[in-house]
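Trainee: From first to last, the protein sequence lines stand for chains A and B. With the numbering used here, letter number 427 in the first sequence gets 427, and the count goes up by one each step, no holes. Heads up, the numbering used here is the position in the second sequence plus 1000, with the first residue counted as 1.
In case anyone wonders, no lab produced these hints; they're calculated from the structure. These numbers come from a predicted model, not from an experiment. A couple of the hints might just be wrong.
Claimed, not checked - Pairs of lysine-lysine, BS3-like flavour, derived with a Cα cap of 27 Å:
| no. | chain 1 | residue 1 | chain 2 | residue 2 |
| --- | --- | --- | --- | --- |
| 1 | A | Lys313 | A | Lys226 |
| 2 | A | Lys584 | B | Lys1014 |
| 3 | A | Lys226 | B | Lys1138 |
| 4 | A | Lys150 | B | Lys1138 |
| 5 | B | Lys1138 | A | Lys482 |
| 6 | A | Lys276 | B | Lys1138 |
| 7 | A | Lys201 | A | Lys228 |
| 8 | A | Lys168 | A | Lys359 |
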Amino acid sequence: MPTPYSLNQYPWWKYLLIGLVMLWGLTFALPNLFGEDPAVQISGARANITVDAAFQNRVAALLDADKLPHQRLELDGDRLLIRFADTEEQLKAADILRDRLGRDYIVALNLASAAPGFLRAMGLNPMYLGLDLRGGVHFLMQVDMDATIKQVEDSYVEEIRAQLRSDKIQYSAVSRAGGGGVQVEFKDAAERDKAAQLLRKSLSGLQASEPGPLSLKFTLSEREIKEKRDFALQQNITTLRNRVNELGVAEPIIQQQGSDRIVVQLPGVQDTARAKEILGATATLEFRLADEENDWNQAAATGRAPLNSRLYKDRNGRPVLLQKRVMLTGDAIVDASSGIDQQNGGPTVFVSLDGKGAKRFEDATKDNIGKRMGVVFIENKTETKRVGDELKKTAYTVEEVINVATIRDRLGRRFQITGLDSTREARDLALLLRAGALVSPIEIIEERTIGPSAGKENIAQGFRAAAIALVVIAGFMTWRYKNFGMIATAALAANVVLLIAALSMLQATLTLPGIAGIVLTMGMAVDANVLIYERIREELRNGNSPQMAIHAGFERAFSTIIDSNVTTLIAAIMLFGFGTGPIKGFAVTLSIGIVTSMFTAVTGSRALVNLLYGGRKLQTLSV
Amino acid sequence: MKRAIWQFDFYNTKIDFLRWAKLAMGWSVAVLLIAVGSLLIRGMNLGLDFTGGTVIEVQYPHPVAIPEVRETLVKAGYGDAQTQHFGTSHDVLIRIPPREQMNAATLSNQVLTALQGAEGGTGVTLARAEFVGPQVGKELVEQGGLAALGALLGILVYVMFRFEWRLAVGTIAATVHDVLFTIGWFSLFQLDFDLTVLAAVLAVIGYSVNDTVVVLDRIRENFRKRRKGSVIEVMNLSINETLSRTTMTSLVTLLSVIVMYFFGGTVMRGFSIAMIVGIVVGTYSSIYIASASALYLGISREDLLPRAKETADDQP
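Just chain B, same shape as in the assembly (with noise of 0.2 Å):
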């Protein structure tokens, strides 16, 4: 049976991905010197449940232009306000930085009432109000940090447990290179960073390393079952069986979060971009970064051979 490239049988592949190894690594390494930059230099734009501030959201019955709702906005001594469309044209979501002595109590409602007492705001409705005192952001900051940290050491010690150290450092650095390059994607772009933005990224550690470990299992597998061969040969050999169940379950995860992009409503929209780059980068580095990393670290045959006791298993 002859099947074509567009249904991703790749299973007669012989392709040599590890001789691009080192331009790979190249080109990896300046990506992330450009997330790192971007990061040093342009920052995060983080949303408002790390700056603090207040998020009002208001719904139109009829379509209204920026500038005018700005207006309102200025009168009503609010000039520091910044002011966008969200999803639609009768959407409007106003942000306004955190203040001295904000009364945060009665800030939406004031902001409400302003924008219902000017000219053309009858029937303007509330849809949503978020105000985070600046204390709760610099937590919020520090628990996405304490979790990617918790997520990326439990893993690293359940790979060095079950595989090996070297294959465990690979893991690490791939997963380490997905979520540098989704966050460096996020500043490069000045996407606001959420909270939901921040469990996508994490969320991508759990996927990375998903897809990483099935073509480290293949690698351990092909090296206990073949005797001959050198280290690239099997690795490259083990990258190519594995191919269909990478491209097959990448293109799944991303067609989920593709509709969620366009269906789950404006709240999960940054939630999916982070999903996309992630599985997107994800996948390239479970071929390259993972498997290429344990072969510079000088990874050989002997270090994955059987121990004793599991030798019967192997061997029918």
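Just chain A, same shape as in the assembly (with noise of 0.2 Å):
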């Protein structure tokens, strides 16, 4: 039996560990202790517009001229970041700057972390808050998936009656089926063998079966559902992104939610009508031959384009001279996804045409090859603006030529756009193909707004209620447990630094349900102590040295102190599993507070208990 004196000693490498903890705790809870300042975003709005020291004087200028206070300008990247001393300035120079940059920048709204900048540049950032904290919108949207594979089995019926006619079999319908997949009734069976041996091997990917003696059936697989879905959901994901960058939003969240849903969060925003407005647009796409006869150039200066033509302007605002005759629109694209050419190693975007779209699309290419041939990208948007008294909306439409190719062969289902400067140009042509290809219908089915008075009401209300609970909570404990209180007290305080720096470092969405768990985890992380000392103080009645009771206390306490943090946790993870949005940000907090809620009561509270009480001949314990 080890004596007295020797017991509850750390050795000094456990002193050494946990004051590293701390320091590690300390250091990434500090930026949370500077706030925010309001700020405005600034960054270009195409791949080609730089933001750069060039531009940065350029706007102090310009916020110079119109006597628009503010702190300090900071080139953060590709973006430029301006600090207000309130929102009503930042709000008034956001406005101006819009105004005077035009369509070339994108200017939003920001909090900006106002740590000091050595903080930032060590990837220092305080907690991530929710929505529900700082204002802002949030959406849930639903990709409605039956339209998607209807949309699917319609571009089959025109394939199987294109390559009908083309293999001229006779046929007397192709229509959808009721329960799914794609039915074909012939007038005699010799045709219908034909049509089978045919269809069963350029659709290949669909499964057959013949449903009657005078009928076929296609059904897709499973597999290739899935893909669809997979592929609408992104497609959308992908669509929502481009709309929202337009918007304007520091920091928007686009996710997949489930296997059918997109959650687009957009904070700081308020103007519910214009954000629909702009993330519902529709956009086409339309491919034209270009018109070699005229000068673009001249055409742009005059600003009056030649008989069958229309003049355009390139996404870095070149004049570009297309015919007016359309050779194919974007509902016939299938895919359309960027790579590497086989050829020249060169990047390339691969695109895929549904069976009609290619029968037209080899028609109108066969005669042009050599050729130049451009793609109009066109977004319908609405616009709400005050006209007097009114709101008036108003429908426009943007164009702009994406990108202009030779046509180097005829082309048909799969063809090939080459000659593009660098991966990332395709994979943004890519994109934009896809955008105006045929989207599947998306519908809102939850929207949340939250004024920015009351996101930082909640805020002020949950702080307050945090710092209120450690107070009474510190209070009753010293009262309680006297020395020992004041311990379980300093590991309480500690536990709050730790789980706000695990919270900044994961950057977790903290919301208000978040500060709940903040304020259950205070309560219930003392409960460690408290069956501590409750058991020091029964060792102590059962006639045991104080030192021995302190020393059996911690000891027989601990299998207890797991088990019943063990069962919590298992509630907190189901929980996080199962729930959504601001039920996630509570089971986060509440998890991550059990686990350094062990740590800080166990552990350090048992450090500070030997530090102080440790190795010494002890007659009474204040406990």
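Combine both chains into one complex, guided by the hints.
Mentor: Structure, rendered in structure tokens:
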């Protein structure tokens, strides 16, 4: 049996370990002390528009010219951040800058961490506040998957018709079948067998069956249905991301949720109507032959396009002259993806067309090999503007040439667009082609708007509740357990620091229920100390010496602490697994809090007890 | 050292808790019947998260009377809207039930415009607007139920593995009791049951088990340590020994939740009420329901004696 003097002493490395953990906690929690400045964030609307030192000077001059008070301008990668003393100045400056800088730049409201530069340079950031704490709009959108599959089947109907026609096989009807799939009806069995042979080969991705003597049925395989659904979802996410960019939101969240839903969170946005107009814009594509007979720059200078041609601009603002006749529209595109050209290793975009579109495109391109072709991206938007006292909705379209390429061959079902400058350009082009293709319908099924003052109020109340709870618990523990109560309070404070550090490091979203989780964890964290202290008291009553009582108290309470915390953790993890949104925020803080509290309440407070009482001769114990 | 009762120092108590076990069981069954009855008859006052519809919270620069707001809304064609003050007399909460073909896009804007256009409506601002489609609510109920079931199952397995099946069943009985009681409370008083309250109910599961496990731990320890005394005596002793801790922890947690109720703002009210109810019944159930259930299931000393390899740890 160890002597009382050797009890309750930690080896030096344990103190060091605890010290290091606390140092880590304090460092990561530090940025939260400085709060956030209202800021305006400016970034280029397109890849070729750079935000650099010259631009910074230009913006500074603009701000000075309009006598807009601002704190400082910072270049942060490819964006410029301007800080303001209050939100009023921020809003005013944002309006003016948006006006002055035009459509080439995205001007967004943001909250910038006010922590000193060296902290941010070390990658230390304050906790990421959820929408309920900073204000903004939350949308949950559902992609209409039935419509998606219907679209796919419709395109197969077209394709089967085209194939049967081109092979001169007689059929009486091709249509979507009631329970899914495509059904083909024939007048005689010989024709059907011919068709079966042909279609089984050309539509090898589909499952073929023969429901009757004069019919054939093709159904999508599970895998293909899943692929199409995933594709529809990704396509919508891509489109939404493009739209949100132009909305000018500093830190938008666009995420998949479940198999057919998309979450869009726009911090700082208040005008839901405008947000929805922009998110709901529809886009189409047109392929047109280039006008090779006239000078494009001359047309741009006069502003007049020659007969049979239309004047466009490309993404860099250069003029492009295209013929009025449309070769192909975007709804024929089935897929577009970026990749590497097998022949010259350059970036390329692979495009697939549906059967009908392929036929049209073949006809249109076979006589124009060697000529150039432009792709026009057309967005239909609505804008609500205040005219006098009335709100007026106006619809307008934005047209832009996203690519001009030379037709090298007769283009059919699959073709590539090469000669692109970079892989990034290839990726952008593929995204735009997809965005302009047939998009599955989406519907907003949940919408939440939190005003900026409501957000501020929530965070103030949340933190006040947490602070008061901390003081109340500290008072209660000290009154009950004297010196040991103060040690428990120190451990509790350390727990809050570690919890905040972990949340800051993980950049987990802090929500109002998350703050409730912190408050609840504080109450439950001292439970470990209560268990230990009650045990120490018991050991003292049983006639043990103070040192022995401390030792036994910590040892014996340990397994109880593990059991009670593991069971709580099980509940918290279940909450995390099944919960969404605010519930998840609560589960995250609760789970992290349980883990950190085990460390601070057991190891941390033990270290303090050992430091204060260990290795000394004690007559009584203030517990 | 002698301490007063208000210091929650119960170390020399010898309360015969299990003498009232039958009474407590009877009381619990009666209360749960009321809870279930209320759930069946009155149902839950489900919040927007579960029913779908639109909630709009507006802020007036001056105090406003509800009938005025109501009149404006009826004129604007929202006769089915419910209005109430929210926190202060400046804040008004408007609920609009789900509508067929409702254009969620413009609803909150239309309501706000109508309120601003009415007499005394200048300066009305939108604090919060929420729209939830009817398909979302059903899933939330499902997910909440799954989370609760998953948590209960996980805990059951853990306690069975660490302790014994009778005690595991007792723990689950106590936890189900607490959850039903809390939900029943919300049903009986028709309090708003929203997503944060659901989170609180699931947190109650965690808390209730935490409390119970500490008592079970002591029961196991005492069975192994003391060779004499009946099952009832050992259980009573264990409950008495952990009584200080049980009351202390419950009080501390209760205090932090009460602070949240008063200072956490209106959004956290429902959450706090659920936690307060849950902690109070959780404390009661860990004393009575868990141990009494195990007792009625016929637990004996042999069931908890250490297996061969654990003997060394327990006998110094």
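Trainee: Can you confirm whether the C-alpha distance between Lys201(A) and Lys228(A) stays at or below 27 Å?
Mentor: 21 Å, holds
Trainee: Would you check the hint for Lys1138(B) and Lys482(A), treating anything up to 27 Å between C-alpha atoms as holding?
Mentor: 51 Å, violated
Trainee: Taking only the CA atoms, is the gap from Lys584(A) to Lys1014(B) under or equal to 27 Å?
Mentor: 44 Å, violated
Trainee: Under the criterion that the straight-line Cα-Cα distance not exceed 27 Å, is the pair Lys168(A), Lys359(A) satisfied?
Mentor: The hint holds at about 16 Å.
Trainee: Please verify whether Lys276(A) and Lys1138(B) have alpha carbons no more than 27 Å apart.
Mentor: 25 Å, holds
Trainee: Are the Cα positions of Lys226(A) and Lys1138(B) separated by 27 Å at most?
Mentor: Holds - the C-alpha atoms of Lys1138(B) and Lys226(A) are around 24 Å apart, at most 27 Å.
Trainee: If you draw a straight line from the CA of Lys150(A) to the CA of Lys1138(B), is it 27 Å or shorter?
Mentor: 26 Å, holds
Trainee: Does the alpha-carbon distance linking Lys313(A) and Lys226(A) stay inside the 27 Å limit?
Mentor: Roughly 38 Å separates the two Cα atoms, so the pair is violated.
Going through the hint list in order, the structure does not satisfy hints 1, 2, 5.
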